[in-house]
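J.: Each chain is listed here by its residues.
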Amino acid sequence: MDIIVCVKHVPETAEAELKIDASGKTIEKTGLVFDINEWDDYALEEAVRIKEKFSGTVTAITVGPEDSDSTLRKCLARGADKAIRLTDLKFTNSDAYATAKILYSIIKNLHFDLILTGAQAGDDGSAVVGPVLAGLLGVPHATMVKKIEFGEGKAVVNRELEGGLEERLEVKLPAVFTVQTGINEPRYVSIMGIRKAMQKEIRVMGLADIGLNESEVGEAGSWLKIEKLYVPPVEKQAEFLQGSPDEIATKIIEILKSRGLV
Amino acid sequence: MNCLIIKRKGFYTNRFEYVLKSGWGIMDFELTAEQKMIVETAAEIAHDYGPEYWREKDKNHEFPEDFWKSLAEAGFPGIVIPEKYGGGGMGMFEMLLAMETLVSEGCGLAGEWFLCLSSVFGGLSITKHGNDAQKEKYLPRIAKGMEFCLALTEPDAGTNTLNIKTLAVEDGNDYVVNGQKIFISGADRAKGMLLVTRTTPLEKAPKRTLGLTLFLVDLPNPAVEIIPIEKHGINYSKTFEVYISDLRVPRESVLGEVDKGWYLLLDTLNPERMSFSAAACGLGLLAIKKAVEYAKERKVFEAPIGAHQAIQFPLAEAKAKIEAARLLNYKAAWLFDRGQECGAEANMAKVAAVEAGTEAVYHAMQTFGGYGYAVEYDVERWWREVNLIRLAPVTHQMALAFIGQHVLGLPKSY
Ligand SMILES: Cc1cc2nc3c(=O)[nH]c(=O)nc-3n(C[C@H](O)[C@H](O)[C@H](O)COP(=O)(O)OP(=O)(O)OC[C@H]3O[C@@H](n4cnc5c(N)ncnc54)[C@H](O)[C@@H]3O)c2cc1C
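Chains as they are written, first to last, in our numbering: chain D, 143 to 404; chain F, 94 to 507.
Same shape as in the complex, but just chain D (with noise of 0.2 Å):
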């Protein structure tokens, strides 16, 4: 089996005290540590278990600058056998859809039975690059995939809803599948495999290469244009309900109810 993961690589932002930058646009990235996004982590690790299992190869993909190599390496020492990095500077400030054209450019020569990305990204949470992935290319898709299993030319995956609920689906192959997170547990990258990963070539590829031109990719080829990035004032909206409990506790109902809640 042939598969492809589109991964990112992104800042670490959970525990990192982050400012926007003077753009107003996007956030300082310097002194923030970049590392693999964490749903691509999970995907990646699906795709060499299912090779290791179906026999095959896994390409990792991404868009993104010079930088990313170290996350596409990473990839290959994990397992992966080839990686892509599509980089130029026509790409930057582009939205999901660009970015998935930019991937589709690439993707739709390539042989493939499943692309696999993340279910979103850490650092801009759009979680679409992989449904507009597969509508570009013509292929069913199903998001925040928990489980994957295999049938003749289709598969069977477990997507996680809200409320504990999961909903199992029969998808023909190929497919696009975005991964949740706890899909698997990612192996550690292995000092045999970092060996490996250093003899193997990350192709690198810029706009004149994949057959878009400028204005399909980038800021202009995008949909969203991003207007500003801040930090939410602190608002405190606390109202103090007064009287007997029983007065009160008629007030909290007439809330819930004037919200739609009860």
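Treat the hints with care, as some may be off.
Unchecked claim - Pairs of lysine-lysine residues, derived as DSS-like cross-links and limited to a Cα-Cα distance of at most 30 Å, are as follows: (1) F/K129 to D/K224; (2) D/K171 to F/K389; (3) F/K129 to D/K193; (4) F/K162 to F/K383; (5) F/K412 to F/K382.
Stated by the list, open to error - Which residues of chain F face chain D? A partial, calculated answer using Cβ under 7 Å: (6) A126; (7) E127; (8) Q128; (9) V132; (10) I138; (11) A167; (12) G171; (13) I172; (14) G181; (15) P233.
Bear in mind the hints are in silico, worked out from the structure with no lab data behind them.
Beta carbons: idealized from backbone N, C-alpha and C, even for Gly.
Model the placement of chain F with the ligand on the given structure of chain D, informed by the hints.
T.: Quick look at chain F with the ligand alone, frame taken from chain D:
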């Protein structure tokens, strides 16, 4: 055998020779992509096995099975083992990066300890001096996590290694070994032991440094009896008195040449020293990090305690000293990996690292006030751990004696 490494005379007679030999002028502090990945993986493992994990293991005197399994799966015991035998084919420098990161990112001394026992005592010694059969037999297993130990120290020899009494006597195609060892770490779990013996007793040896022979012994063995020693820290690993009675070992298990063991042993003891220097630096960094977090938060008068110079400066000083010691230790490894003499650097790094690391943990504990004494805050455990490094693998005094004699050219002080 690499004779450069065993050259012990004529260290640095003048300053320029030192500078020339040391390869200064080609400095590059940038880690390779490969080395960065080792550091990142080590950090990831250390975050999964952080201080709480070790608090429990230390308290319950429990071997960290899952930690060692994770390290083995990630191939860490094989860093210094050639690729041909399932290792990474890298050097002591990469091993130090791994150890230091494991220690400083949360494992404490354990991040170095188990790798030293298995990979340095076993993997590195056999890689350097084993014959093909010995390499075939041990290295692939060590790369996968087979445990090893080193039986060198004896009750009546102590620091004076050449004075060991454990005797191996030739008998047909075998050797029969009798003697007593002390402070042998990991002897309960190890499947292999690097055993240091005399095949020629000291009084009959043409030279004090001749007559030692190293054996690779498979464990457990009924002729090897072990009795645990209750100790101050590192309670997730046991250390033993070892009694060896009529242990029969085949000639093929001699590592290197008979009677020349001392010269080979330096290729184990120098990396062992570097490993523990890395541990001292790592422990210092770990304790400083924890102390800094605490000092920013803890307020008893108006300002957080970290605003006071009495709290801040000792931590800053220790940090500066640790960073200096790390560089010297890296240099020792760099020389070792190139097959050059590294004794001077290894011992100087050890002295610097122990002082810096101990100072760091001491002041981290002071930063925590009474909480520094509470098990829950981990610093007391790191204090118990860092205390080892001034006593073992070489005592602080003996490392200084080495520098006095071999680096400064002063008369032998012992
Ligand atoms: C927890 C632990 C684990 C260990 N694990 C191992 C192991 O796995 N394998 C192994 O072989 N050994 C191991 N050791 C042994 C360790 O290497 C020795 O304890 C150490 O080398 C010191 O030897 P000693 O204890 O006999 O001290 P001694 O030699 O008795 O020295 C006592 C003190 O006197 C000082 N001293 C002695 N002679 C001189 C001199 N001429 N000049 C100045 N000062 C001097 C020493 O520096 C020291 O401070 C371990 C020790 C400990 C505590």
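J.: Taking the hints in turn, state whether each one holds.
T.: The hints, checked one at a time:
no., hint, verdict
1, F/K129 to D/K224, "20 Å, holds"
2, D/K171 to F/K389, "24 Å, holds"
3, F/K129 to D/K193, "27 Å, holds"
4, F/K162 to F/K383, "27 Å, holds"
5, F/K412 to F/K382, "10 Å, holds"
6, A126, "6 Å, holds"
7, E127, "5 Å, holds"
8, Q128, "9 Å, violated"
9, V132, "11 Å, violated"
10, I138, "6 Å, holds"
11, A167, "4 Å, holds"
12, G171, "6 Å, holds"
13, I172, "6 Å, holds"
14, G181, "4 Å, holds"
15, P233, "12 Å, violated"
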